[in-house]
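Asks: Protein chains in written order, with our numbering: chain A, 211 to 563; chain B, 211 to 563; chain C, 211 to 563; chain D, 211 to 563.
These are calculated hints, taken from the structure and not from any lab test. All figures in this text were calculated on a predicted structure; none of them were measured in a lab. Some hints could be false.
No distinction is drawn between identical chains; accordingly, a pair holds when it is met within one copy or between any pair of copies.
25 Å max Cα-Cα, derived SDA-like pairs, lysine to any residue [unchecked claim]:
#1 430 / 334
#2 513 / 375
#3 402 / 336
#4 513 / 236
#5 402 / 211
#6 513 / 244
#7 402 / 477
#8 513 / 460
#9 484 / 252
Okay, here's what each chain looks like letter by letter:
4 protein chains.
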Amino acid sequence: MDFASDNAVGASPRVLEALLAANDGAEPAYGHDCYSHRARALLNEVFECEVSAYFVATGTASNALALGAITPPWGAVFCHHQAHIANDECGAPEMFTAGAKLIGVDGVQGKIDPAALRDILSGFPAGTVRQVQPASLSLSQATECGTLYDCGEIAELAAIAHDRGLAVHMDGARFANALVAIGCTAAEMSRKAGIDVLSFGATKNGALACEAVIFFDEAKAAAFAYQCKRAGHVLSKGRMLGAQMAAYLAGGHWLDLARLANRRAAELSDGLTKVPGVRLAFEPRGNQLFAALPRPVDAALRKAGARYYEWGDRGFGRMLTLGTNDVLVRLVTSFATSADDVRAFVSAARGAA
Amino acid sequence: MDFASDNAVGASPRVLEALLAANDGAEPAYGHDCYSHRARALLNEVFECEVSAYFVATGTASNALALGAITPPWGAVFCHHQAHIANDECGAPEMFTAGAKLIGVDGVQGKIDPAALRDILSGFPAGTVRQVQPASLSLSQATECGTLYDCGEIAELAAIAHDRGLAVHMDGARFANALVAIGCTAAEMSRKAGIDVLSFGATKNGALACEAVIFFDEAKAAAFAYQCKRAGHVLSKGRMLGAQMAAYLAGGHWLDLARLANRRAAELSDGLTKVPGVRLAFEPRGNQLFAALPRPVDAALRKAGARYYEWGDRGFGRMLTLGTNDVLVRLVTSFATSADDVRAFVSAARGAA
Amino acid sequence: MDFASDNAVGASPRVLEALLAANDGAEPAYGHDCYSHRARALLNEVFECEVSAYFVATGTASNALALGAITPPWGAVFCHHQAHIANDECGAPEMFTAGAKLIGVDGVQGKIDPAALRDILSGFPAGTVRQVQPASLSLSQATECGTLYDCGEIAELAAIAHDRGLAVHMDGARFANALVAIGCTAAEMSRKAGIDVLSFGATKNGALACEAVIFFDEAKAAAFAYQCKRAGHVLSKGRMLGAQMAAYLAGGHWLDLARLANRRAAELSDGLTKVPGVRLAFEPRGNQLFAALPRPVDAALRKAGARYYEWGDRGFGRMLTLGTNDVLVRLVTSFATSADDVRAFVSAARGAA
Amino acid sequence: MDFASDNAVGASPRVLEALLAANDGAEPAYGHDCYSHRARALLNEVFECEVSAYFVATGTASNALALGAITPPWGAVFCHHQAHIANDECGAPEMFTAGAKLIGVDGVQGKIDPAALRDILSGFPAGTVRQVQPASLSLSQATECGTLYDCGEIAELAAIAHDRGLAVHMDGARFANALVAIGCTAAEMSRKAGIDVLSFGATKNGALACEAVIFFDEAKAAAFAYQCKRAGHVLSKGRMLGAQMAAYLAGGHWLDLARLANRRAAELSDGLTKVPGVRLAFEPRGNQLFAALPRPVDAALRKAGARYYEWGDRGFGRMLTLGTNDVLVRLVTSFATSADDVRAFVSAARGAA
């Protein structure tokens with residue numbers, strides 16, 4: 211009953227086997243191996259165009275490197291107040307941009323409000339020397355609240371940004387979960403909606419340690435190989451990343467894994483919302499649930515060995531008001547979550563309610 | 211016949227199996243998994259003390275993070291002119307120190323000359339505001355020339371550095387190969403010789419992607435967790451690193467692997483030096499050979515499918531003078547190099563001489 | 211009728227004469243001249259202790275260098291949402307800290323609310339690797355709203371910060387104006403209230419280009435000379451700064467200048483508040499007024515040649531609600547503002563009301 | 211008898227008067243004052259084109275900001291081993307480029323050798339990810355040895371750099387002294403010879419604290435205003451810089467000052483070379499002399515109160531071999547050096563020889 215995070219489990223068996231199979235023989239180092247080539251070809255298919263893709267081992271690197279490619283030191287990155295890049299990466303974007311400023315934008319349920327974005331940008335008239343210069347917009351899909359932007363919403367925000375000359379980044383740590391929930395193509399949810407650079411996550415959804423930074427406009431990646439190398443994010447035995455990503459993508463494996471995780475989240479949501487006193491904080495569409503649990507329910511679950519994080523009351527524009535007897539928690543499912551786990555969790559909750 | 215680099219092969223079977231075995235079940239993320247704990251315990255044994263160890267996926271990260279922990283932005287890192295950190299990491303040390311300066315020190319065969327170190331330090335009198343401030347010394351063991359410092363030499367250089375208040379770093383990308391060649395203990399070749407921070411490599415010697423940054427003085431690591439996180443070098447599924455390192459160390463596996471690689475290098479050296487016209491550039495003690503090959507020999511080897519790098523004439527203080535008909539090459543063996551590979555290589559060379 | 215800023219005028223005659231008088235003869239460069247020594251001695255007197263003082267030419271440098279001395283790259287600087295360091299220095303603090311994060315704290319009228327500071331700090335539990343680490347608190351005295359902290363308020367905020375191990379910085383670009391308004395000693399308003407590092411402004415109050423970074427704890431300044439040099443903020447002809455600062459301080463000249471500026475602001479306030487429809491946004495205590503002007507008044511003043519800035523509606527916790535017919539403006543007086551200027555301004559306003 | 215440096219004196223009387231005259235009245239802040247406009251217009255005349263010019267208070271800032279405008283963090287700046295930017299600015303170029311690497315190039319008498327530049331660039335083949343990327347070339351005119359490049363030499367080095375896509379910077383801290391020694395136009399010695407960005411010094415030659423960063427290609431200055439602001443190098447009372455620079459340039463004042471300084475150096479050279487045992491280390495063409503003094507001569511001069519620096523034996527490719535009884539010293543004249551000072555110095559030297 212581990213709902214703490216989708217990074218608490220290992221790799222999917224298929225990804226693991228690919229790692230194993232890729233081990234033998236000599237391969238060129240630093241990403242020139244055949245597995246990385248294969249993974250890049252698969253990404254071209256997935257995004258229906260020739261992409262510039264770079265593989266790294268962590269989501270923090272993926273985000274920070276991407277932002278560093280599109281934001282100068284005197285630039286500003288606009289993102290949601292609750293964005294992971296702003297709060298949970300110990301200043302990695304600041305390091306990789308050599309000191310740019312992240313500026314929080316409002317919006318309920320973890321999603322940037324277009325009017326708020328327009329408004330905050332209007333406070334940065336062009337050429338004002340005393341201010342940092344708007345350089346990029348970063349969207350999280352799925353958001354920190356487990357909510358999703360639909361393609362039209364992404365396009366609207368991207369258009370606002372592009373009008374001001376900003377590049378648009380997507381933090382897609384849970385891209386797959388969002389994609390299968392929305393039911394569009396990967397290209398539609400990114401490139402075609404105006405995303406310029408995508409941090410495409412695989413680790414949380416079945417890889418062991420593999421993310422891709424994907425540029426749809428090659429020009430923006432002109433110096434990216436150096437930026438990766440300089441940051442220590444070019445693996446010598448690059449097959450380690452290439453093999454994971456290739457296996458992750460091949461035959462739609464990544465979508466199957468995400469569907470599994472999302473299904474478990476839906477089952478969990480269905481079960482929990484029937485438990486008296488349990489309420490959801492946000493509309494659950496991917497593999498993350500945020501719920502208010504009555505304290506006895508929380509206590510019973512903990513006692514039963516369930517693992518999950520209490521979620522700080524950060525004013526995310528929730529759909530509910532927390533009662534004094536409520537605990538706000540985050541529950542995350544993964545491809546490895548079993549239906550039994552979900553049943554046991556719901557049952558323990560029900561028993562205590 | 212791949213002698214291009216020791217990162218051209220995958221992981222040792224035992225390391226790979228450990229990765230496989232570590233995949234199941236939920237584990238705390240970010241290095242708090244049981245495998246990482248086990249690996250840290252093994253490092254304590256290897257270095258005969260309580261160390262502060264952090265696992266990362268690349269050698270560049272390992273070096274740059276270590277230097278960033280002991281060098282302020284206004285500091286100077288002293289290293290050999292030919293050091294990997296100075297020439298082959300695209301400025302990673304500069305990035306991780308926020309702009310420190312690397313200062314090249316002289317010395318033949320890739321080894322810093324103590325007199326040269328003393329001399330260059332004397333040019334940095336304390337408190338001279340217009341100069342960067344001496345902060346650290348970085349030694350490579352094995353060196354870029356495949357040569358080794360013995361423990362006394364390390365201790366002498368470290369003492370010079372400590373006298374001036376510098377911290378001492380060792381780039382141990384090939385620590386294991388050096389160690390078994392010298393025949394001392396790991397503690398003797400590092401901590402006891404005055405090393406403060408060790409970049410302990412495993413990737414080139416049997417891991418897939420795993421290095422450890424090891425602090426013998428915990429105080430120097432006070433902010434290191436943040437520095438790693440901020441650089442995107444904390445893996446979420448930390449078991450990936452912990453499992454590799456634990457398997458690498460357990461039962462002296464790492465030493466066995468290094469002995470294998472070194473034995474192949476010795477066989478290669480024995481064979482090649484008997485080929486007319488082939489001469490070694492440096493005393494070979496680990497798993498790297500630098501040799502001058504007559505052009506016909508080089509051509510024949512390439513034709514036979516051998517892979518290795520031509521080595522630029524960088525004036526490393528070689529034991530030989532290159533003839534106009536010579537090609538200087540680097541040959542690297544690994545744990546996966548077979549005796550057959552060596553025999554085939556030598557035989558092809560002999561045939562052309 | 212220039213009320214745009216206190217940096218629109220030149221130096222006070224006395225400061226200018228000192229510059230002139232200091233021009234002759236040879237003096238050691240880089241701050242070792244006799245004028246800088248004299249200025250440091252005067253600062254010791256003013257702050258009633260031995261301070262470590264460094265002179266620079268701009269307020270941005272003074273703030274950013276000070277923050278860089280007390281905040282590591284992975285650190286957080288807590289400051290008011292409207293702080294000059296956060297909004298008006300194009301990211302200088304981020305540059306000088308090599309990428310630290312500025313975190314805005316709430317509080318009405320430009321002043322940090324102690325409860326808000328406590329609350330936000332509680333969201334940064336010690337040792338949380340994914341978060342930047344609380345390192346410093348920066349207070350502006352006077353604030354961006356022209357309001358002041360009294361000594362007890364400074365002490366309360368400093369104590370909260372010190373309890374969490376943060377160093378406390380004061381942006382004293384208008385230190386003198388605040389000091390004479392409050393009526394305490396310079397030491398009471400800084401060192402004795404818990405300030406660790408003070409950016410002590412002189413430029414806005416009579417110097418041409420001179421600010422001092424003052425450390426009350428010498429240990430925090432250990433590397434500061436290097437940090438200044440490396441940032442290009444050590445003037446070769448250091449007498450230029452030393453002579454200004456010495457003349458500024460000698461005989462209480464700086465306090466006289468500030469009293470002049472504040473008196474003009476008081477006269478302006480008195481006059482304006484009698485004009486029908488004109489209302490003050492904040493309690494005016496130094497040399498800055500923020501007022502809501504009826505549009506016809508604003509138009510008449512502009513027509514009469516008055517210069518001042520319209521102030522963006524940034525939700526500063528004002529004492530008033532802006533009417534649709536109101537313009538919020540900032541009016542700044544300086545030592546060079548004449549009583550006639552004030553009278554003419556008020557008269558023009560009155561004529562239009 | 212102060213020959214320590216050309217920054218040991220104050221401003222020229224004419225520059226000082228201009229500062230005085232510029233003090234009255236209100237002027238727009240941050241470089242939009244009428245004096246700065248006038249100074250920019252004069253620079254356009256001097257360089258015979260529309261330049262983008264920015265005024266700062268120190269030479270270190272001027273150099274580091276210029277390099278930061280043309281060198282990315284993963285870039286390399288090529289400069290002479292003895293360049294001021296490499297040795298005497300405490301890492302300012304590294305800070306302002308966010309971590310670029312300075313790479314020393316050989317050449318006798320402080321001047322980069324074209325063959326050495328070509329050779330070192332050949333070691334950086336395009337697109338090698340493990341290496342920093344060649345981005346800029348920095349030439350010092352006059353050099354650290356007091357020698358000069360003639361226009362053809364500058365053009366040759368600039369052409370080599372441009373062929374590889376590097377931008378070319380000139381550290382012109384003593385631009386005026388070089389210019390009048392060579393006898394060409396300012397445009398010929400910079401723009402027309404291929405310089406892209408010029409750090410144009412005034413402080414050492416008559417200003418109090420004023421340097422200009424001059425871009426001949428406006429595109430390279432696109433973000434420069436932000437880079438300056440962010441570094442704390444935009445003075446609020448910008449007239450302070452504008453007035454100095456305007457007075458410095460008007461009516462060829464700057465050239466007159468440089469001619470004065472150079473004439474004194476020539477007189478000093480003439481006198482000293484007639485003193486038995488005194489030998490010059492480099493061909494003196496501007497206002498710096500490097501001489502070997504017999505120890506008794508050195509002692510007598512010191513006793514007579516002469517101030518000058520002993521110059522470390524840094525192997526500058528001197529024209530002489532130092533005897534064991536010799537002291538290598540640097541002697542610098544300025545516009546304020548009197549003929550009497552020179553005579554007294556020579557006479558004291560002669561007396562001891």
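Asks: Evaluate each hint against the coordinates.
Replies: These are the hints, each one checked on the structure:
1. 430 / 334: both (23 Å within a copy, 23 Å between copies)
2. 513 / 375: Neither: 53 Å inside a chain and 36 Å across chains, both beyond 25 Å.
3. 402 / 336: neither (27 Å within a copy, 33 Å between copies)
4. 513 / 236: For residue 513 and residue 236, only the inter-copy Cα distance (18 Å) is at most 25 Å; the intra-copy one is 51 Å.
5. 402 / 211: neither (38 Å within a copy, 47 Å between copies)
6. 513 / 244: Between copies only: 22 Å across chains, 49 Å inside a chain, cut-off 25 Å.
7. 402 / 477: Intra 32 Å, inter 58 Å, cutoff 25 Å: neither.
8. 513 / 460: neither (41 Å within a copy, 36 Å between copies)
9. 484 / 252: Answer is neither: 42 Å inside a copy and 49 Å across each miss the 25 Å cutoff.
Hint violations for this structure: numbers 2, 3, 5, 7, 8, 9, all remaining hints satisfied.
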